[in-house]
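One letter stands for each residue in the lines below.
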Amino acid sequence: MSATDDLARTPEVDTGTRREPLADAFLALFRSGPFLIGLCIVLFWIVCALFGEHFVPYDPLADDIINALVPPSSEHWFGTDQLGRDVFSRVLTGSRDILTVAPLATLLATIIGTALGLFVGFFRGIVDDIVSRLLEAFMAMPVVIVALLAIVALGTSKTTVILVIGLSFAPIIARTVRSAVLAERELDYVAAAQLRHEGALYTMFIEILPNILAPILVETTVRLGYAIFAVATLSFLGFGIQPPSPDWGLSISTNYGLISGGFWWTVLFDAIAIASVVIGVNLVADEIHGAFND
Amino acid sequence: MITLFLLSMMVFVGGQVLPGDVGRAILGPFADQHAVDALNRSLGVDRPLLVQYGSWIWNFVHGDMGMSYVFRTPVAPFVIDALGNSIKLAAMAFVLVVPIGILGGVVAALNLNRPLDRIISLGGLSMTVLPEFVTGIILILIFGVWLRWLPISATWPSGAGFVTQLYYLILPSVPLFLVLFGYVARMARAGMIEALDSDYTRTAILKGLPRHTVLWRHVLRNALLPTITVIATQTGYLIGGLVVIETLFRYQGIGSLIFNAARGKDFPMLEAGILAIGIVYAVATLAADFLYSMLNPRIRLGALQ
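Line by line, the protein sequences give chains A and B.
Residues in the first sequence are numbered from 30 upward in steps of one, following my numbering.
Residues in the second sequence are numbered from 95 upward in steps of one, following my numbering.
Bound conformation, chain A alone:
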């Protein structure tokens, strides 16, 4: 899909030995510029999430009312917010919550979606028809609305956000898995397993699942990008991560009322941070998608 991918493929001459397609795809990935850039950004934020609190200059949660809303200076590089908290320290540590909630939600969606997709794709028939219709109907609903409704009804907590996003993304993954299973179950090795009288569960999870890992991986990374989008949006709306977390979406939501007063530093750096992590994850996802779908 990109010039770099083409370059990566040119030197390959058919040497007669069969190369693993997966290994090929990974090789192409690590030679692609956008992928590496995205990976670096994501790794940077993961390191910040894990160790950020040890190397930031101030405690991200410590109030300092006297120094509230100070513009960026040599003392506070990104200024301070309305409670006098150091924005630089908050931005660097702000990735922790979103980088826990979004991947967990994606993981939940992948587990449920894979199981569901395997079942309906393998058994087909009337169950498949009914479940597929329901999933289609469910997918047509905007995630933010569904999440808003569920969170209002259930109350806000990290667990609710993970459950809600995980459950809303599961049908999309189920659809991908289902179509992969439909193609896979016509192959000889499935017929062989059935002739050996292997159980349905064994055939699904031991025989078919390892062969459809590539599409699952692609779908999962793409979903991770959307999950970060959704978590950030919910936090901005006040239905996601709760104070006093230095989370970026939450910081923007508490501070954006101030920007008409010219206090731009309370939101700009958080916005840039969200932008960088979302673009990073999507660069990785897009390149993985490209590498496995050629």
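Simulated from the structure, these hints should not be mistaken for laboratory data.
Among the clues, some could well be false.
[Unchecked claim] Some, not all, of what chain B presents toward chain A, calculated at C-beta under 10 Å:
id : residue
1  : LEU224
2  : VAL239
3  : GLY334
4  : ILE352
5  : ALA355
6  : ALA356
7  : ARG357
8  : GLY372
[Said to hold, decoys possible] Away from chain B, derived, C-beta distances all over 12 Å, residues of chain A:
id : residue
9  : ASN96
10 : ARG225
11 : HIS226
12 : ILE235
Virtual Cβ for every residue (Gly too), placed ideally from N, Cα, C.
Following the hints, complete the assembly by docking chain B onto the known chain A.
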């Protein structure tokens, strides 16, 4: 249709069953139990769930969307006003994105794998994945706070004319435009690549037709069909985007109505808002199917035979 039914069920369960004791929620934890019971009876929430669901749908279909818990007045006028405002905003975003997105995709496909294509594709992807409130904040800072070219709130003075309203809608519609641009451009690009690669295009070129005739009559016609479907399916996304944008720009639309109702636990308002959106979405999908079959002679003529 199933979506609409499922949505109504979810809205009902989420809005009326899960929150528990409605009367208690309104009157607060210290209210007298008799008062709570009386309020529950007058609101009708002490009846069996199926009866409640039935009467709620029945009333909704007849235009009675219930009473707002917060304003103590019927919900319908709020919802209709808000829907009108949101449609203005959404229309603005679509008017921007359809020509520009298609143009972007076409230009990218004509320059396949050249720098221009890379810029449009990667730029479009990056813009598409950014949450609206992030691009919204950055745009507000640049054009509203630093340059002071555009108003940072989307609520125009009452009695403002059409042009003034447009002026107030520019900034809020751009984040929506940016998210949609990537999708539309990507679909248009994929459609173009497929059409450029096809036998009929090769035939047209080999017949010696001028380049622009080939592009307009053969390639574009076929390439843009899938794009139309994508544009229509983005209505669903757009609704989620509206919640964010209308909150950020303090715009009185259906998105901020839902958001405020969710905040204030005003369930009749919340339910009516979400159902209204579901109906708009169903109509948009239907319209897209219709448009698609109108534009595609294979389906149009196939139906006639």
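So, against the hints stated earlier in the document, which numbers end up violated here? Hints that this structure does not satisfy do not exist here, as all of them hold.
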